[in-house]
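Just so you know, the protein sequences line up as chains A and B, in that order. So in the numbering used here, spot 296 of the first sequence is number 296, and the numbers just go up one at a time. So in the numbering used here, spot 101 of the second sequence is number 101, and the numbers just go up one at a time.
Treat the hints as calculated values from the structure; they're not laboratory data. Virtual Cβ for every residue (Gly too), placed ideally from N, Cα, C. Some hints could be false.
Claimed, not checked - Derived coverage of chain A by chain B (criterion: at least 3 residues anywhere in the stretch with Cβ under 8 angstroms from a Cβ of chain B; other residues may be distant):
#, stretch
1, 42 to 49
2, 170 to 177
3, 197 to 203
4, 294 to 306
5, 318 to 327
6, 345 to 356
7, 370 to 379
The lines below spell out each chain.
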Amino acid sequence: MAILSKEEAQTILKKVLGFSKADECEVGLSGSEGGNIRYARNGVSTAGDISTLGLAVTSTYGKKSATSTIDQFDDKSLQTVVKRSEELAQLAPENPEYMPLQGPQEFPEGIGYINSTAAITPDTRAEAVLKSIQVCKDANLQAAGFLENTTGFNAVMNSKGLFAYNKDTDVIFSVTTRNAEGTASGYAARGFNDISKLDTLTATKIAASKANGSKGAKAIEPGKYTVILEPVAATYMLENMFRFDARQADEGRSFLSKPGGGTRLGEKLMDEKVTIYSDPFNPELPSATWDREGDKLEKTTWIDKGVVKNLSYSRYWAQKKGVKPLPGPSNIIMEGGTASVEDLIKSTERGILVSRLWYIRMVDPQTLLLTGLTRDGTFYIENGKIMYPVKNFRFNESPVIMLNNVEALGKPERSISVESYRSYLIPPMKIRDFTFSSLSDAV
Amino acid sequence: MTKEDVAKTAERAVAVAKANAKIQAEPVQLAPQKGYGEVSWKTPIEINAFEVPIKDKTDLLLSVNAAAKAGGASFINSIFFAVNEQKYFASTDGSYIDQDIHRIFPSFVVTKIDAASGKFQSRKSLSSPMGMGYEYLNARPQDKVSGIVTRYKNRYDMLEDVKAATAEANQKIKAKTVEPGKYDLILDPSHLWLTIHESVGHPTELDRVLGYEANYAGTSFLTLDKWESKKFQFGSKLVNVVADKTQPGSLGAVGYDDEGVKCKKWDLISDGVLVNYQAIRDQAHIIGLKESQGCCYAQSWNDVQFQRMANVSLQPGKTKLSVDDMIKNTEKGIYIIGDGSFSIDQQRYNFQFGGQTFYEIKNGKIAGMLNDVAYQANTREFWNSCAAIADESDYRLGGAFNDGKGQPSQSNAVSHGSATTRFNGVNVINTARKI
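The shape of chain A in the complex, shown without the other chains:
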């Protein structure tokens, strides 16, 4: 069993530290149990069950450090991995930014572990997928999808007496539904800590409805449009912005750098409807309660009513700048309102509903200009109603500019990034002057 209890992890970590002869030593232990099932053309294509357990030892002499890893746990192997990290540390150059390890800390227990998710079996996954495939067969569509569950734990102990442990569960599901002619496509994605919240049947019905609605897409001119981004589209776009690192900003290589030097901390950078924070104890999106530097993760506001409220400081950069260290976001929650996507459509005179974005890449890190495309359901809205599906667009837009052009925010919902599979709490949003630069023939 790769999921060790707090006590089991503690026993191994103590033993490993007992082999250390270095000035300082930190040992990390992590494991995961999980499985996946992938399907396409209404049948299973691949599936697997994965179990991992690994140990990483970082030894330090003065300011010279090195890390060695291993996945065997007999005494001889544990002694070997410690010795190897010590030998490598002696060879390493001095790290002028090395920070001494932290002593004992108190970390509250996280709330991200759900027993029923940890108990998922291959049959649970197959049954969930069977429901999804049946929806598509009934709708004369072809399903391609993926379901993956993971139970993981992380533990760390160091020679100064720090010990931390966290355990969590996660399940993600995504499905693309297409017709045989290749002229229609829909998508849905879900992510939860708790399997009981996952309904693959309803999610697939939504994807199927998007696919059926996307048939016969018309070409309209690219340009600036008011867009309604559904949460899965907004999440992928904004994921590229959630780096609030003070050092990069201080050093002049971030969108949060100020011309002439310094950072944009305290500046109003976005519309006042925008508030973004992290909170390890959000019941919809729990996260770990500590990070690898041995810092406690607490509720932190990054953007407050459009103003840059906080930047994250590593322990080294905080010391250099004479401020308190502040760990980066453990999760991301964006505040919104109560409106549904349908409400946002009703209040739109002329615009485009975007179900999903695709292949987003950075064009200019200075302005966070991103490019990517719409897909799996793009619709023209007029006078509060969806009029017809439209062909997909390529966009060139910055999330910072986009969050300056917020018309309205809906009710936040848990959504996953279609690239990183990380979960976020993000509202659907209505944005004016979103820049579409060309048309795509892709369906």
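Dock chain B against the given chain A, drawing on the hints supplied.
Relative to chain A, chain B alone:
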């Protein structure tokens, strides 16, 4: 690892297979494969990177960093990355295959910051990831391609390149912003490899064509009817593209794939026409093949093997043509070196690419550096606008270790060769914004 662990792992695999059997849609049809007995293959290297002392590698990187700082760089990040994969494959077909695979990728990024204006610009190394040993870092005069900046063929001079990169990062801060519009693009192999990868390599993968990647990497506009017609004009008549898992020095070169099939070379695009796909054992029958094309790959022992891209390369021009002559014959163009931002739709029609450095061409001459350049095109229109390809003497490899596909996602290492190529009348946009 104990016998009990192995048995437990097999039991879990059986449980997964049994659970999924009830939703199996169609039976698997594997192309027959003869057993090779006990065979081995090794990347033909001269110097094993893992036998070079760590000190030599750190000294190289620190000298690269020092050169960048001496040239006025604000930041420099240099990396030495090497892989030695020792892979053993056994099958009931009777193959016992032992492979010793070496790959290498030295790289850096130089960043220049202009605090007063708040601008920053970076220039990446012009190195390529290669299926080679440490000899890749021993550049010889014949490996250097002269021009507006030195580029490299088969071997790489990291110290020389970082000096050039630092000067170019400084230049990029002051370069003029591009006027959007139609330009003839002259694309260096250090740039073109990525365009080939995205717009030719991916759409010719048969699993995408069939819909197996619909939920993640996407499908393909190169549907079976286009291949069956035998006259789908993918590109101009100059365009010849091959898939090749045997090319020396390439990332994808191995002796046998991960289904125990001997690797080979085959045509994908001939005289501009789509002639074939990339297929593995369970797909071969779909396109009438009697055997797999040998491009099955798993990134690790604990990942499932599936169809992955072979090295896919544009063949050089058949008549003598230098880059200088290509520039001389261009009235209004942009010469692009190095790869940058990249994005393409899920069926591989519409793409947008950036680069590392951009040079304006006016009336046959380089007129200076440009900034904020990206080009957008439709794959088929773009490859049909291919108007000139330099000859074999300019042919070079580019590539990537991180070609992503599959759920859970896996990375594939793949190279793409080309000579400098001109595409006429491509749409260029300006990417400058203010926040």
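TODO: Verify the coverage statement for the stretch 294 to 306 of chain A against chain B, using a C-beta to C-beta distance below 8 angstroms and requiring 3 or more qualifying residues.
DONE: Answer violated; 0 residues pass the 8 angstroms Cβ test.
Open item on the list: Is the listed coverage of the stretch 370 to 379 of chain A by chain B valid when you require three or more residues with a beta carbon under 8 angstroms from a beta carbon of that chain?
Closed with: With 4 residues in contact (Cβ-Cβ under 8 angstroms with chain B), the coverage given for the stretch 370 to 379 of chain A holds.
Open item on the list: Taking beta carbons only, do three or more residues of the stretch 170 to 177 of chain A come closer than 8 angstroms to chain B?
Closed with: Satisfied; 3 residues make the cut.
TODO: Please count how many residues of the stretch 42 to 49 of chain A have a CB within 8 angstroms of a CB from chain B and say whether that reaches 3.
DONE: Coverage by chain B holds for the stretch 42 to 49 of chain A (8 residues, Cβ < 8 angstroms).
Task: Check of the stretch 197 to 203 of chain A against chain B for coverage (Cβ-Cβ below 8 angstroms, three residues minimum) - done: With 0 residues closer than 8 angstroms to chain B, the stretch 197 to 203 of chain A misses the three-residue bar; violated.
- [ ] With a C-beta cutoff of 8 angstroms, work out whether three or more residues of the stretch 345 to 356 of chain A approach chain B closely enough for the coverage to hold.
- [x] n = 0 at 8 angstroms, threshold three: violated.
TODO: Given that the stretch 318 to 327 of chain A was listed as covered by chain B, double-check it with a C-beta distance under 8 angstroms for 3 or more residues.
DONE: violated (count 0)
In summary, the structure is inconsistent with hints 3, 4, 5, 6 from the numbered list given earlier, while agreeing with the others.
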